[in-house]
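Each of the two chains sits in its own frame; use the hints to bring them together as a complex.
One-letter residues, chain by chain:
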Amino acid sequence: MASPRYLDSAGSDANGGTSWADAKATLAGIDAIDTTGDTIYVAHTHSESTAAAVSYTFAGTAAAPTKIICGNKAAQPPTTPATSAVIATTGNTSGITWAVASSGIVYTYGLTLDAGQGGNNTASIILSNASSLSFFEACTFKLSSTGASSRIQFGGAAVPCRTEVINCSFQFSSTSQSIQVQSTNAVRIAGGSIVAGTVPSAAFTMNNNAQVLVEGFDLSNCASSMNIASSAVGAVKFVMRNCKLPASWTGSLNASTPGVGSVWEMFNCDSADTHYHYRRATQFGTMQDETTIVRSGGANDGVTTFSYKMASNANAQFPHQPLDSPEFVVYVPPSMVGVSRTATIEFVHDSATALKDTELWAEAFYLGTSGAPLGALADDRGGLLSSGSAQDSSSASWTTTGMTNPNKQKCVVTFTPQEEGYVHLRMRLAKASYTAYVDPVVTVA
Amino acid sequence: VQVLSSRFEVGVPQHDGRRYVHEWHQLNTGEVYEREYGPVDVSLIDPTAVADNFARQMEADAAREAQGSD
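Protein chains in written order, with the working numbering: chain Z, 1 to 445; chain L, 1001 to 1070.
The following block holds chain L by itself, in its conformation from the complex (with noise of 0.2 angstroms):
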């Protein structure tokens, strides 16, 4: 699996003023694969590094699958 783009989106801030995070991957294989995260303080992450931190993890995880683990 390939993300080929990622994007995401700040929630309206929750009770505690922490927010959740709405992402979205396109993958190579035409689908999109999203998760929310959080609620979290915004100020305190970079949301465009935490996509692609997530991105590049998933691409990782996935050929660790691939590979079997059983």
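This is chain Z alone, in the form it adopts within the complex (with noise of 0.2 angstroms):
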């Protein structure tokens, strides 16, 4: 039967953990007697230390979550939450590992885990191990160890488990540490920081399948050569926005070349006080904002005009290996309903070559479909087997400095919307090792 349970260390586990006064002096005393749905109150003055490795399961389900808080004991259950309870291993090997039985819930508030003081070997942080749901906020999660292959971990290996993180610090003791991301894990931070001191020579390690989002995270006390991650796996959805990074940041979104499918985004992050700043990575090339090289009446964010520069690499190859752009989206009007139309995006280039429609093309999402919200595919690609036709030439103004042979020219997809709604356009650069300036405005006519 779901209980709160009480958790002081002025306590002793030889208590029954129904009180304040009659509370269990460990985590693994309360997690031996928890049951599905129990609030386990943790002393704002509670700190145990245990040389071993600690693992705790708690019982909570989807039906009947653990919700683990820490809060003042001087009222009963506690009114007022604090986060200054801590959980601390001093073993050179210790890790914590915070779990919750398959297919449950846990909710933390305002514990400090503190893993392998003094160690130099791995000690890590284990966050929700099984196939389950875990919540922390306003906790601080802290490698003591010096160990290069501690971490603060989400997720067991190849376990489809949710994480949510939020207003958490994280603390580091070796530049080799991070916070890694499990396979089939989804994890968002949202909120809190890195702390100063000894900080991360990469924040994340990545695994298959991970997929993250990170936003409003504090990386402002990292080293200025920081990269956010250096991770070559696959199939990875990494997302960062409207973050703060180190002051002259010289570090990569990506340090590697990203693994088949994965595409790693960053969007709105900076040091100085910006708010168009946008980075993506994929396997065929990255993106990323451009405040010079822009069309006169382009994109701007109410101050600053500016486009999008599309780098593909050696691999982008015609027609399924492209560098794509991230979706460009408008609204069409019942008034534009029924009516061949035109979307038009702007590029420029450096050379006297005109780029093909097998180089790069625009491709459009529209509502095709009268009654029923089916989308339709319209584009501007070249034929499969053609050798390509020059994209057409345009008459935008654009600002060049830098370029020795600026050639402007558009994208035009013809399409006819069937119903009102949003049409989402991409481009897509197939181009290998070659650069292009996109305007993501798009003009329907």
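Treat the hints with care, as some may be off.
Restricting the straight-line Cα-Cα distance to at most 20 angstroms, the calculated cross-link-like pairs of lysine to aspartate or glutamate (EDC-like) are [said to hold, decoys possible]: (1) Z:Lys-244 / L:Asp-1041; (2) Z:Lys-309 / L:Glu-1009; (3) Z:Lys-309 / L:Glu-1023; (4) Z:Lys-244 / Z:Asp-273; (5) Z:Lys-309 / Z:Glu-327; (6) Z:Lys-309 / L:Glu-1059; (7) Z:Lys-410 / Z:Glu-327.
If we take Cβ atoms under 8 angstroms as the criterion, some of the chain L residues that face chain Z in the derived model are [to be verified]: (8) Asp-1016; (9) Gly-1017; (10) Glu-1036.
With beta-carbon atoms standing in for the labels, derived distance ranges [unchecked claim]: (11) L:Gln-1002 / Z:Asn-315: 15 to 23 angstroms; (12) Z:Ser-102 / L:Asp-1041: 18 to 26 angstroms; (13) Z:Ser-47 / L:Thr-1029: 46 to 54 angstroms.
To be clear, the hints were calculated from the coordinates, so they are not data collected in a lab. This structure is a prediction, so every number in the text was calculated from the model and none was measured. Just so you know, even glycine gets a beta-carbon here, dropped at the ideal spot from N, CA and C.
So this is what it looks like as structure tokens:
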């Protein structure tokens, strides 16, 4: 039966854990008796330290999750949350594993998990290593271990977990340590920071099929050379947005070439007060914002006009291995339905030779079926077995500082929308090792 | 992976005066790894040292990845 449980290092594991006066002294003592639906109150003065590794498996389920909440023990149950309780391990190889039963759910508030004090072997903090949902709020994950292989790890290998981390701090003791996301895991880090001191050279280590959203996360304490990751694994979806980067940041979003199907994106992250920065890395190249080579009247965040620089790598190839831009979305109102329309995207590149429709083209998904929300594909791609034709030349006005042979062109996609709604477009650059600047403003006429 | 040589090129100033820096790293596999970082105030950094540091880090990351992490 679900019960309130009480944890206070001033208590004893011989107690029943039913009140502050009857509190268990260790989380292991609580874990031995917890049942589904328990709320475990942790005294704000609680501080336990164990030489050996500790591994907890909480009993929470979707219908009756486990809640672990640090609170001020002046009241029973506490009425004021706190963030001062500490659970530490001191052994050279003593990690902390914070798990829940398969398909279980656990919520944790206000704890510091501190692994491997003084050790230089592997002592990791492992969060949610069964197929489960785990939530952490206002917690600190601290690797006191100086072992290069120690890590703050989300999930077990190839075990699907979802972990959400809200306003938590990450603290490291070796530049080789990192936040590691295991394969088939989904993670959201919202708010919080990497604590100043010894900071990782690469903030994240990824494994196949990991899905990560990082938002509002402060990385400004990291070294200017810090890479977000260096990862060649496949099927990763990594998104960072609205994050603060180190001053004079010289690192990379991904310091390796992303693996098969992996997409890495960074929206509006900077050390300076800007709001237009964008980065993207895929197996076939990279993209980033550009504020010098821009189209007059082009995309603007209200202050700064910008374009996107698309730089394919040697692996880009027609027709199926292009560097894709992010989607550009435009609304088609009822007044535009049922009549042939054109969507135009302007671009410029540095060559007297025009880009062909087998080298760079636009693709649009529009609502092409009357009476159903069934999308249809339109593009201005060249024929599969053709040698390609030059994309249309353009008279648009671009600033082309630094270019020798600026060549202004445009992609034009013709389509007939059958329903009002959104058209999703993207540019696809298939010419290998080539750079083009794209204005993300889509003109529909 | 070993980085045999590295070079860089500083780009044109962006709207706020900062610049992108393009690096090329020649690998012992025959491939050339390219990256672009910034925008950054290049008066505050040493692009040669940045390129060298990145090359060493790339070698270390590759060695670690080869060991497997999952």
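Hints, verified against the model:
Between Z:Lys-244 and L:Asp-1041 the alpha-carbon distance is near 17 angstroms, which keeps this suggested pair within the 20 angstroms criterion. With a C-alpha separation of about 16 angstroms, the suggested pair Z:Lys-309 and L:Glu-1009 falls inside the 20 angstroms cut-off, and the hint holds. Taking the CA atoms of Z:Lys-309 and L:Glu-1023, the gap is near 16 angstroms; set against the 20 angstroms cutoff, the hint holds. Our distance criterion of 20 angstroms between C-alpha atoms is met by Z:Lys-244 and Z:Asp-273, whose separation comes to about 9 angstroms.
Note on Z:Lys-309 and Z:Glu-327: the hinted pairing holds, with a Cα-Cα distance of about 14 angstroms set against a maximum of 20 angstroms. With a C-alpha separation of about 27 angstroms, the suggested pair Z:Lys-309 and L:Glu-1059 falls outside the 20 angstroms cut-off, and the hint is violated. For the hint linking Z:Lys-410 to Z:Glu-327, the alpha-carbon distance of about 17 angstroms falls within 20 angstroms, and the restraint holds. Annotation: interface hint on L:Asp-1016 holds; nearest CB of chain Z at approximately 7 angstroms, less than 8 angstroms.
Contact between L:Gly-1017 and chain Z, as hinted, is not supported at the beta carbon level, the nearest pair being about 10 angstroms apart and thus beyond 8 angstroms. For L:Glu-1036, the shortest C-beta to C-beta distance to chain Z is roughly 7 angstroms, which falls under 8 angstroms, so the interface hint holds. Distance hint for L:Gln-1002 and Z:Asn-315: a CB-CB separation of about 21 angstroms, consistent with the stated range 15 to 23 angstroms. Taken as a hint, the range 18 to 26 angstroms is violated for the pair Z:Ser-102 and L:Asp-1041, whose Cβ atoms sit roughly 51 angstroms apart.
As the Cβ distance of Z:Ser-47 to L:Thr-1029 is approximately 51 angstroms, the hint placing it in 46 to 54 angstroms holds.
When held up to the earlier numbered hints, the structure conflicts with 6, 9 and 12 and fits the remainder.
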